[in-house]
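Produce the entire structure from the sequences given, and follow the hints as far as they go.
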Amino acid sequence: MSVTPTVRPRAADKPPVSSMSARDIVFESFAGMFARPGRMLLTVLGTTIGLAALVATLGLSRTAGQQIIGRFDELAATEITVTSLPAEEGRPSNDLPWDASRRVERLNGVVAAGTLTAVDVGGVLVSGSAVQDPLNRSAFKLPVEAASPGLFDTVRARVRTGRLIDGGHSLRADRVAVLGPNAAAQLGVTRIDGLRSISIGDDVFLVIGMLDSVQRKHDLLSSVIIPEGTARRLYHVSAPESVVAETEVGAASMLSRQLPLALRPDAPSGLKVASPEQPQRIRSGIESDLNLLFLMLGGVSLLVGAIGIANVTLVSVMERTGEIGLRRALGATRRQIATQFLLESATMGAVGGVLGASAGMLVVTGVAAYQTWTPVIDPLIPLLAPVVGGVTGLLAGLYPAVRAAGLEPVEALRAGT
Amino acid sequence: MADTTPLVRLRGVSRDYGVDVPVRALRGVDLDVERGESVAVVGASGSGKTTLLNIIGCLDRPTSGGYWLDGVDVSGLSDRHRAGLRSQEIGFIFQSFHLLSYRSVLENVMLAETYGGGDPSGRVDRARDALRAVGLGDRPEALPTMLSGGQRQRVAIARAIVTRPRVLLCDEPTGNLDSTTTAGILELLSDLYDAGLTILVITHDRGVAAWAERSVHIVDGQIRGEP
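Protein sequence lines, in the order shown, are assigned to chains A and B. With our numbering applied, the first sequence corresponds to residues 1124 to 1540, in that order. With our numbering applied, the second sequence corresponds to residues 419 to 645, in that order.
Calculated directly from the structure, the hints in this document are not laboratory data. For each residue, glycine too, the CB sits at the ideal point set by N, CA and C. Check each hint, because a few of them may be wrong.
[As the list claims (entries may be wrong)] Partial list, derived from the structure: chain A residues whose beta carbon lies under 8 Å from chain B:
| # | residue |
| --- | --- |
| 1 | Pro1138 |
| 2 | Val1140 |
| 3 | Pro1272 |
| 4 | Glu1446 |
| 5 | Leu1449 |
| 6 | Leu1453 |
Structure below.
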């Protein structure tokens, strides 16, 4: 039998040092991982689920948030309300004109406009029944609002039953009323087909319709709404309190400047315009609230994944004690052993990150498709997910790696026998 | 001029275990092993022979005493240097082979060069040469689980010699083998000895001890000379 030359020529008196190339570290780590493919897959699955949950929750929060914000923006960014400011002493009043709706509607970019005025009915109660029952309360203090016909389009009112106030009602000062659903429920009005009437104090009004919902001015849901002309004649309302306008998207800012001039060209500074600037703050508030909530949920999922990696790596270290002993006998330093195990756990974490990001994005897309939403996800999230997975794996592998590196070679060899 | 320093020199080496109730595994051991020598350390179970091998193999540190390997004082070396010695100057053969079951025979042999920092380009060829030297040149891709005990020990020997160490440390190398296989392994060790390799064998088997050029007896952690 031929035997290769066995003795290495002596290089110097200096003892050699152990060293391992990066390629070898990577190779050994991968070999270690693939030694037990089933376990590796299960470990990766833990991180995959954690990161999929994280990516999905972040994506869904963004998508849902965008959906909410989109709807919020659509309403908020297209609404302008103009009210009059109190006049300075000695100056004429800043009242809005009675034809405010028509003036506003003429402007380019306005979709609908209407006036809305809180009517002072002198503290009288509103009653749904002509008969006063001493045992059952039938009269309530309800807000009474005077509205121009255009207001209902402006607030996107939906009618549950009956009809809405029109120009004729206002012109003739008809004693008719439209009830908000809450007001109707309070007054016990459920149908209007029998010429149902209500009383505001001693004045009787025919209920011509009931609202189902509004998308702006939600106070109307609890109000009794009467025609503007009726309020003028019956309650001596001197001027509309506010003008509400719905604009086209993007026109609000310009119209905010034009409306005072159109309404009161003689004293535009006497009017106050509520333009949709404030909603920007609300929008970022909603977004950050949602993000925080979902980040917490995702963080918990990731923590569970990290604990999974730590557990499996620790078990792996214990099972591979003999191998660690052998590697130490063959010249591995503690640092090289720790690096190998850290690289294994970090790689599994990173792979879990890639798979998790893909799965998470699939979930976001699936949910968005089902809800017919537009899926929105920060492009950084799928790119960062493998990094987060890798770092998670690295942190999770820290303790097992330190434990592996701390094994004395003699004891490790004995344990692995 | 020929180097006359012993390859392995131990002076007054002791090793204690435990803190509360210390157990003295080695007691003032003096031992010289010359270059190209084959020495068998014979002793009963628990006599301290494996502790002695661990210290010579830089797997363990003596509690007291001095150890020089090829003239270098090993006692004061850092872990990294001691690991360097293990990777390049010392070859190990264990009773239970210690092969990685999930790696091929060739990869198991190549593993020995992983920590030496040497040229990786010829690693495969060197591992194949080592396998051929132990008579397993035809099964480089086999897994250790597919081999017999004797073949596994041959793979372990190939792994030990592929780095061309100065000394080969064998811990009961035939302890798990039958007599026929033992003879084959001893024949292989003889070839390595003939090629100039220094070999230290730990054994309780007198047959294996007889194979060595010199035997020393260890009793209760002390060298007692020829058995």
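Is the interface hint for A:Leu1453 satisfied, with its Cβ closer than 8 Å to some Cβ of chain B?
5 Å, holds
Should the interface hint for A:Glu1446 be scored as holding, given a Cβ-Cβ cut-off of 8 Å against chain B?
With Cβ-Cβ at 6 Å, under 8 Å, it holds.
Under 8 Å is the threshold here; is the Cβ of A:Pro1272 close enough to any Cβ of chain B for the hint to stand?
83 Å, violated
Holds or violated: A:Pro1138 as interface residue toward chain B, Cβ cutoff 8 Å?
5 Å, holds
Hey, does the A:Leu1449 contact hint survive, CB to chain B under 8 Å?
5 Å, holds
Are A:Val1140 and chain B close enough, Cβ to Cβ, to be under 8 Å, as the hint says?
4 Å, holds
Of the numbered hints listed earlier, the single one contradicted by the structure is hint 3.
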